[in-house]
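Enquirer: Line by line, the protein sequences give chains H and F. For the first sequence, counting from 1, position 129 maps to 129 in my numbering; every step adds exactly one. Counting the second sequence from 1 gives a position; my numbering is that position plus 1000.
Calculated from the structure, these hints are not laboratory results. Don't be surprised by glycine CBs; every beta carbon is placed ideally from N, CA and C. Warning: the hint list may mix true and false statements.
Claimed, not checked - Result set (BS3-like, lysine-lysine): computed pairs, CA atoms no more than 27 Å apart in a straight line:
(1) Lys19(H) - Lys1372(F)
(2) Lys1077(F) - Lys19(H)
(3) Lys1202(F) - Lys171(H)
(4) Lys254(H) - Lys289(H)
(5) Lys102(H) - Lys425(H)
(6) Lys375(H) - Lys1376(F)
(7) Lys194(H) - Lys1292(F)
(8) Lys274(H) - Lys314(H)
(9) Lys1005(F) - Lys1221(F)
(10) Lys1371(F) - Lys89(H)
(11) Lys375(H) - Lys1027(F)
(12) Lys1077(F) - Lys171(H)
(13) Lys1329(F) - Lys1265(F)
(14) Lys1194(F) - Lys180(H)
(15) Lys83(H) - Lys1371(F)
(16) Lys1194(F) - Lys94(H)
(17) Lys1027(F) - Lys89(H)
(18) Lys1372(F) - Lys50(H)
(19) Lys1372(F) - Lys83(H)
(20) Lys19(H) - Lys101(H)
(21) Lys221(H) - Lys372(H)
(22) Lys102(H) - Lys28(H)
(23) Lys102(H) - Lys1434(F)
(24) Lys425(H) - Lys1077(F)
(25) Lys1010(F) - Lys1027(F)
(26) Lys28(H) - Lys1376(F)
(27) Lys94(H) - Lys1375(F)
(28) Lys83(H) - Lys1005(F)
(29) Lys28(H) - Lys83(H)
(30) Lys5(H) - Lys171(H)
(31) Lys1269(F) - Lys101(H)
(32) Lys1194(F) - Lys1019(F)
(33) Lys202(H) - Lys102(H)
(34) Lys101(H) - Lys1202(F)
(35) Lys1019(F) - Lys372(H)
(36) Lys50(H) - Lys314(H)
To be verified - Ranges of calculated distance between the beta carbons of each label pair, as one might list FRET restraints:
(37) Glu85(H) - Ser1447(F): 40 to 46 Å
(38) Pro1326(F) - Glu39(H): 29 to 35 Å
(39) Asn1006(F) - Glu359(H): 52 to 58 Å
(40) Glu1262(F) - Leu27(H): 29 to 35 Å
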Amino acid sequence: MSSTKEVAARLREAFNSGKTRTAEFRLKQLKAMLNLMKENEGALLEALKKDLRKPNFESIISEVLFTKNEIVCAINNLTEWMKPEYVEKTLVTKLDTCFIKKEPFGVALIIGPWNYPIQLVLTPFIGAVAAGNCAILKPSEVSPNSSQLLSELLPKYLDKDCFAVVCGGVKETTELLEEKFDYIFFTGGTHVGKIIMTAAAKHLTPVSLELGGKNPCYVDKSCDINNTAHRIAWARFLNMGQTCIAPDYVLCTKAVREELVPALINCLEEFYGKNPQESEDLGRIINEKHFNRLKALLSSGKVAVGGQTDEKDKYIAPTVLVDVKETDPVMQEEIFGPILPIVDVENIDEAIAFMNRHEKPLALYVYSADNKVVKDVLERTSSGGFCSNDCIMQMTLFSLPFGGVGDSGMGMYHGRFSFDTFSHKRACMLRSAGMEKISALRYPPYGSHNLSIIEWTTEIKEKGSVCCIM
Amino acid sequence: MDQMKNTVGKARAAFNSRKACSLEFRKQQLQALRRLLTENEDRIADALHKDLNKNKLDTQVFEIIGLEGEIALLLEKLTEWAAPRPVERNLLTLMDEVYIQPEPLGVVLIIGAWNYPFVLSLQPLLGAIAAGNAVVLKPSEVSENSAALIKELIPKYLDKDLYQVVCGGVAETTELLKEKFDHIMYTGNSTVGKIVMEAAAKHLTPVTLELGGKSPCYIDKNVDIDTVCRRIAWGKFTNCGQTCIAPDYILCDKSIHEKVIERLKETIKEFYGEDPKKSPDYCRIINTHHVKRILSLLEGSKVAYGGQYDEASCYIAPTILTDVSPTSKVMKEEIFGPLLPILTVNNVDEAIQFINQRDKPLALYAFCHDKKVLKKIVAETSSGGVTANDTMIHFTISTLPFGGVGNSGMGAYHGKFSFDTFSHHRACLIKSLKMETVNKVRYPPGSPEKVKWIKRLITKQVNFGKLGLVFIGLLGALLAVLMKVLLLH
């Protein structure tokens, strides 16, 4: 088995050979990725079942289909994305060719998380491939079946010199981070995000960090409580709550809470039946460590529904907590589990103040039929993304950038944004050797007449002022 | 130091007061900055003359004009750039509002450089203001007169709480970097760039690093050597070579080597006379530390022209070096001074190989008539930016992103790129609580039928015009009915 140094060196050599530059090569790799997804769906679902007991329905929609769509989007648009962008010029450069050329950075490192172990490592990978980079994937050791499967499948479908999978934990990741990469894309927790960026700083490697946070969900009295409950419950308990953009907690008045809780309880029964532990449609907590972490959070506030746990099964019932205070343990960290605390607020101003007292989250949600309320919250808060009257759906549109801000991360991807993330935008200006008389105006020895002509030809005129005619 | 905490605290409180949210407010600040420039032209020229022996024309061309142009552009485009940017929807979100909303990040730290002390501090400041942020500006202490003037003038023209100036050196900057910012923009060298990024990592602060490198300049054999040498000499010797995108060294075809040296000598005389020390158009090195550093780079190479210096007045003559070994000192670090080494190559492939063996530079220059050769050079190398058949000019086009890659930096700015750099691009999906029938398809319990519907709804991206809105309404209603009928519930 090659050491990480050898793998990185092999990929760099492949990149320097120039083979990833052509659209043909990149399309070939993307089509091979699509075949990988199509021909191994069964194995992928199996691995996800073993790692997270992910229901097939969820695996198909949120892992396989999502990834396939990204690949198809890249295949369909690659030629367009690769085209140089021609730009507006100044008077003195009117006869020149000015454009922005998209170039691969070189060798990228993509570190994936365990909660959507296929999609969250392959989606950025697609962007890296489309943009012409070579890449090392480091899937999460916490979801070992999915990582193992990826390390077996990728070399079967993709160019082995340009793309590699390196499996392992902290030790292997630390070793990898000692190598120089041209881009590092990390999805995971805030704490490790800081370690990654510090390591990247040593080589001046640009980074994208897709982190997390506590995504607030404000529910207004004007909303349709039933639909609201369905959408929130769906988003919260998907993947057993282990979703970076799940609604982390609800803020609402006591009156709204009194309607919301029964609606949520009904909803849970609709979704998972009378005994959710028997439902085929509920996943499991990834491992013992997280199970214990979550179990401890159940003591915050009061259990309105759920609260049951089964350590052997790594099962925690979909739980709603009420009478939760800002200082409770469940409000101190990103929950990342099937627990939904409801915090009482008097009004929207209190809700907004509450949200703003905490770090900027990856997502922020508002449920209200009143557009003014929606816009009010939107304008007075900040978050990676925002969705009103639903949760998570902002992620399904590739035309929207997906990424955090502040503690929830930096950079963005999906669709074209993935391609742009892994591209260097090189400013190119091709002048002719002619027109030297005009160029000569800038040379010393300087005279004041030079100055006025230079000002005139390089100035960008403010709208409404007297326009000059060339 | 508590002082830094207070400064940043003040800026943050001012940001949280939301006064910079209003576009009118931002425009007023930009207009005030414009007045700062026009009302203090002479004082700015004087400070630059004291710091770098810059003359009035250089000040205008390299410091003032660019800033005024940028302000005019921002004033014209701010409303457009700050507006929500609608994006394509899919079938599932046809009835919804979907857009990207640029938002301010918060408190931005801008660390300026000494070589163009006004433009390199104020141009990022313009972008940060336009994007609605509060700013802490730390101009370079090395260009002390310019820094002092900036510190005096900014609070006279701009909002005193939102935009603060902090002066000082390493100690002050280190203290400043302990505070949490929402974006840090640094212009300077790679060594300090790494320190800034490491400090930023502690707070997960995104950074823009405008660094440097050795910007190569390739000269092909069939060129008009007169014009080429003038353009290169201008790029190299402006500001005494202290420009991040100055052509650092020349790689020229063997056959034209002698001619290039001759013509460069003549051009230097044309520009600065027989004794450049006497020319009012020739700058000085920023300080004696850099004079010593630059002079040490002469070791091992032959001085074909120039080489005179006067440490006391920080003068180094425009100097051409030949017989330069690729491993010599002058080829190991960014020169940032008026030494122009010339190395020869046999062909363009050798030049490309030479360039690619080194760190990616901030700029790359190629002088060549053959479009195919130019295309090859651009395709087979990488750099922050490229100008063919001239030097430095790509900097002046605000529609081109200005920034480095690899060791020469990360991120970009100028024009809209500044606005976007200092903004968070928030993905917004404004839905209604209706159309619940369509939504039901994703809820448990799952089924193969549901999977089929989901595939249909999220795969297609749609872009309708205004008339399409009517169609969308009908389609939405039809979809709801269809699903109710077809799904087994």
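Enquirer: Now tell me if each hint is right for this structure.
Expert: These are the hints, each one checked on the structure:
Simply put, Lys19(H) and Lys1372(F) have alpha-carbon atoms about 20 Å apart, close enough for the 27 Å limit, and the pair holds. For the given pair, Lys1077(F) sits about 41 Å from Lys19(H) by alpha-carbon distance, which is inconsistent with the 27 Å threshold. With a C-alpha separation of about 21 Å, the suggested pair Lys1202(F) and Lys171(H) falls inside the 27 Å cut-off, and the hint holds. Between the alpha carbons of Lys254(H) and Lys289(H) the distance comes to roughly 34 Å, so the proposed pair goes past 27 Å and is violated.
For the hint linking Lys102(H) to Lys425(H), the alpha-carbon distance of about 5 Å falls within 27 Å, and the restraint holds. For the suggested pair Lys375(H) and Lys1376(F), the alpha carbons sit about 51 Å apart, so the restraint of at most 27 Å is broken. A distance of roughly 39 Å separates the Cα atoms of Lys194(H) and Lys1292(F); the hinted pair therefore is violated under the 27 Å criterion. A distance of roughly 19 Å separates the Cα atoms of Lys274(H) and Lys314(H); the hinted pair therefore holds under the 27 Å criterion.
Straight-line distance between C-alpha atoms of Lys1005(F) and Lys1221(F) comes to about 58 Å, which puts the hinted pair past the 27 Å bound. Taking the CA atoms of Lys1371(F) and Lys89(H), the gap is near 20 Å; set against the 27 Å cutoff, the hint holds. Proximity of Lys375(H) to Lys1027(F) is assessed by CA-CA distance (about 23 Å); at most 27 Å being required, the pair is judged to hold. For the proposed pair Lys1077(F) and Lys171(H), the alpha carbon gap of about 50 Å is over 27 Å, so the pair is violated.
As the CA atoms of Lys1329(F) and Lys1265(F) are separated by approximately 23 Å, the hinted pair is consistent with the 27 Å bound. Restraint check for Lys1194(F) and Lys180(H): the C-alpha separation of about 13 Å stays at or below 27 Å, so the hint holds. About 18 Å separates the Cα atoms of Lys83(H) and Lys1371(F), which keeps this hinted pair within 27 Å; it holds. Simply put, Lys1194(F) and Lys94(H) have alpha-carbon atoms about 38 Å apart, too far for the 27 Å limit, and the pair is violated.
Taken as a hint, the Lys1027(F) and Lys89(H) pair is honoured in the structure, with Cα atoms around 24 Å apart against an allowance of 27 Å. Of the pairs offered as hints, the one joining Lys1372(F) and Lys50(H) is violated, with about 55 Å between alpha carbons and a cut-off of 27 Å exceeded. For the proposed pair Lys1372(F) and Lys83(H), the alpha carbon gap of about 18 Å is at most 27 Å, so the pair holds. Distance hint between Lys19(H) and Lys101(H) is fulfilled; the C-alpha atoms sit about 18 Å from each other, no more than 27 Å.
Taken as a hint, the Lys221(H) and Lys372(H) pair is honoured in the structure, with Cα atoms around 13 Å apart against an allowance of 27 Å. Using a Cα cut-off of 27 Å, the hinted pair Lys102(H) and Lys28(H) holds, with the two alpha carbons roughly 19 Å apart. For the hint pairing Lys102(H) with Lys1434(F), the CA-to-CA distance comes to about 42 Å; that exceeds 27 Å, so the pair is violated. Taken as a hint, the Lys425(H) and Lys1077(F) pair is honoured in the structure, with Cα atoms around 22 Å apart against an allowance of 27 Å.
With a C-alpha separation of about 22 Å, the suggested pairing of Lys1010(F) with Lys1027(F) holds against the 27 Å cut-off. Of the pairs offered as hints, the one joining Lys28(H) and Lys1376(F) holds, with about 24 Å between alpha carbons and a cut-off of 27 Å not exceeded. Distance check on the hinted pair: Lys94(H) and Lys1375(F) sit about 20 Å apart at the alpha-carbon level, within 27 Å; holds. Taken as a hint, the Lys83(H) and Lys1005(F) pair is broken in the structure, with Cα atoms around 47 Å apart against an allowance of 27 Å.
For a cut-off of 27 Å, the pair hint linking Lys28(H) to Lys83(H) stands: about 18 Å separates their Cα positions. Taken as a hint, the Lys5(H) and Lys171(H) pair is honoured in the structure, with Cα atoms around 14 Å apart against an allowance of 27 Å. For the proposed pair Lys1269(F) and Lys101(H), the alpha carbon gap of about 37 Å is over 27 Å, so the pair is violated. A C-alpha spacing of about 34 Å is found between Lys1194(F) and Lys1019(F), which places the hinted pair above 27 Å, so the restraint is violated.
Proposed proximity of Lys202(H) and Lys102(H) is supported: the alpha carbons are some 25 Å apart, at most 27 Å. This hinted pair does not check out: Lys101(H) and Lys1202(F) have alpha carbons roughly 33 Å apart, beyond 27 Å. A threshold of 27 Å between alpha carbons decides the hint, and for Lys1019(F) with Lys372(H) the separation of about 20 Å falls inside it, so the pair holds. Of the supplied pair hints, the one linking Lys50(H) and Lys314(H) holds, its CA atoms being roughly 12 Å apart against a limit of 27 Å.
At about 45 Å, the beta-carbon gap between Glu85(H) and Ser1447(F) stays in the expected band of 40 to 46 Å. Evaluation of the 29 to 35 Å hint for Pro1326(F) and Glu39(H) yields a failure: the beta carbon distance comes to about 50 Å. Between Asn1006(F) and Glu359(H) the C-beta distance comes to about 23 Å, which lies outside the given range of 52 to 58 Å. Taking 29 to 35 Å as the suggested C-beta distance range, the pair Glu1262(F) and Leu27(H) does not conform, at roughly 50 Å.
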